[in-house]
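Peer 1: Here's the letter readout for the chains.
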Amino acid sequence: MSHANTPDRQRRAIHGWLLLSPALIMLSAFALYPSVATLWTSLWSRGTRRRPSEFVGLDGYRQLLDDPTFWKVVSNNLIYAGITIPASMVIALTMALWANSKMPARSFLRTAYFTPTVLPMIAAGNLWLFFYTPSFGILNKIGALFGAEAVNWLGQPDTALWAICMVTIWKEAGFFMIFYLAALQTIPPDLREAAEIEGASRWTYTRRIVLPLLMPTTLFILVNAMINSVKLIDHLFILTKGGPSDSSKLILYYIWENAFAYFDRPAAAAMTVLVLIALGALAAFQFLVLDRRTHYR
Amino acid sequence: MSQAFLNLENVTRQWEGQGGVAGISLSLNEGAFLSILGPSGCGKSTLLRLIAGLEQPQDGRIHMRGRDVTDLPASKRDLSMVFQSYALFPHLSVAENILFGLKVRRVSRPDRERRLHEAVALTGLSGLETRKPSELSGGQRQRVALARAVVADRPLCLMDEPLSNLDAKLRNSVRRDIRALQRRLGLTVVYVTHDQGEAMSLSDRVVLMRKGRIEQFGTPAELYARPASTFAAEFIGEPPMALIRGDALGTSSDLTVGARPEHIELAPANKADLTARVLDAEFLGSETLLSLEHPGAKGLALILPGDTPYAPGDTVGLCIPAQHRLLFDTQSGKIEKEPQQNPATRIRQNTAPRDGQTAPTATEPTFDLQRTDP
Ligand SMILES: Nc1ncnc2c1ncn2[C@@H]1O[C@H](COP(=O)(O)OP(=O)(O)OP(=O)(O)O)[C@@H](O)[C@H]1O
Ligand SMILES: [Mg+2]
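As they're listed, the protein sequences go chains B and F. So the first sequence is numbered by the working numbering: it starts at 1 and just counts up by one. So the second sequence is numbered by the working numbering: it starts at 1 and just counts up by one.
Just chain B, same shape as in the assembly:
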């Protein structure tokens, strides 16, 4: 029996592996291998010409935890996430609810909202550089009309991070709005009419019907916003380069600096591993806990 089956089973196994191989190769080459390599690198010391790198285990991590700049960058990033995620989501939802209602220039409005998304982040950074520039930037010109002092938004530690947040929110809100808008349009209009007949106000309808039905979208956007709050740093290169005095430096920028400016690859690798762990934990929380409370149609 088994003799007769063997070639057949083999053929099926080969078939299976062939089908798997494209995804397997891509994932291994671009996700699995880099992750493992990063982890491995982070366990070695920084090699110089005189002292070759040696295995130091978790020493690199200990050094990182003693580095005040690391903690500054972490707290910057938490503030950055804590502001940009809720702000861009709330603005996106508000714009979507508005753009979904009956009004004259609706399609123009949607296009206008979406424009920032189409713009590359570098271009957006340059645009905002022009807004923020002291004295002749648009913000200060408008301020001057009302007699306000000129402010160097990007040049002082108190405002730099906020200025960076602004750009991110501006960039992301339009993108998220498109998802909300798409989800809103799948809600049949008769639900609204049914709620209206039951005597529900517009606000009650939004809170009790629309928001719960948007939960899957919100979850999706939340995941994206969280990823972006770590990933979206292109504008730092144009606007502040993390300064002044690290006040607007974010983790990924610091990792980049360590790896390609200071050539401290183990430190960069250790930070990367920490970021991966944090993001993994977040994703697990979202899909295990929030997912269960979400209604999918």
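These aren't lab readings, by the way, just hints derived from the structure by calculation. Do not rely on the hints blindly, as some may be mistaken.
[Unchecked claim] Now the stretches of chain B that chain F is said to cover, found in silico as 3 or more residues with beta-carbon under 8 angstroms:
| hint | stretch |
| --- | --- |
| 1 | 185 to 197 |
| 2 | 275 to 285 |
[Said to hold, decoys possible] A short, non-exhaustive set of chain B residues, derived as facing chain F with CB atoms under 10 angstroms:
| hint | residue |
| --- | --- |
| 3 | N100 |
| 4 | A200 |
| 5 | M215 |
[Said to hold, decoys possible] Cross-link-like lysine to aspartate or glutamate pairs, in silico, DMTMM-like; alpha carbons within 25 angstroms at most:
| hint | chain 1 | residue 1 | chain 2 | residue 2 |
| --- | --- | --- | --- | --- |
| 6 | F | K132 | B | D291 |
| 7 | B | K72 | B | D158 |
| 8 | F | K103 | B | D190 |
| 9 | F | K211 | F | D329 |
Positions of the beta carbon are idealized from the N, C-alpha and C atoms, including for glycine.
Given the structure of chain B, go ahead and fit chain F with the ligands onto it with the hints provided.
Peer 2: Frame of chain B; chain F with the ligands shown alone:
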């Protein structure tokens, strides 16, 4: 009863001068069951949505209990509605769906529980309270929509083709439930349907609509016995009224003669008003429905008791008693006068296909108002 419960005056709502409804006037007493009947696209839903306040009239006024509600939003009109699409909230359970309105209106918890219990028992949904709409069958969803309207305890209930998605058996049972409920709670119901049998068997009053206008407004018996036009004659009754060109029966061709199939009798060839060829014989159990063909007639049919010896292709002689003839104007389609008593129209005999065959006279079939789909 001096004041009508619901009163529409010349209400119009159209889109770019097309579709919708125009010049609708009707009034309805409290506790009545009104059906809005008509073919697809004739404006039934538009009319219902106007009453509900989901659509604003461009012209005309709507009064409820003597109060002008034309400019009142739907939430202030004190009515409930069963949507054709059910419009259940997909993320809420059956109980939450039913109680949505009561929660919005801050009805106390014990009161809510009691009313939920009643509505669930009434619609036979016990045991399904915690399910989501997606976990219910079409008929169960329908009943949730119904329960949601019932629990609201509003004096006026609007229903838009609430049974259109149910199978014939379920449709019959839910139909009976709706009628019993309406009687028991003393609700005023406006019920949209395109099924004439449903409208005839349920309602106190029927509005027959055509192309956005009222074709006829009356009791089911009136619509059946005296259709206002050839359109109404052909729309109501199963099988519908036969329409015969006047000259085929010896009157003027300006007239069209209408006759219900149960009033058409078999006659020997020499006494027949016209002879027709049998197209099809449908055996229905207690009776047989003969579909007949005649060049000057439309929808000619005959109902005979029991089984019949006729086969497709046979010819039969027909006699249409004068008192059962309705005369319509061929041009306008409007009814001419009451069933006329002049036997002179029976003088001439008109033979359509040759070979008039003698046939036994049929016994008079009973006048069956509630005849629905066979
Ligand atoms: N929002 C709208 N915009 C434009 N035309 C409309 C609109 N709503 C309805 N109409 C038109 O009005 C007419 C009546 O529509 P309505 O929905 O009232 O028909 P109905 O009698 O309910 O048909 P059905 O039995 O198929 O549901 C149709 O010709 C339709 O095209
Ligand atoms: Mg309709």
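Peer 1: Hint compliance check: list the failing hint numbers for this structure, sorted ascending.
Peer 2: 2 and 3
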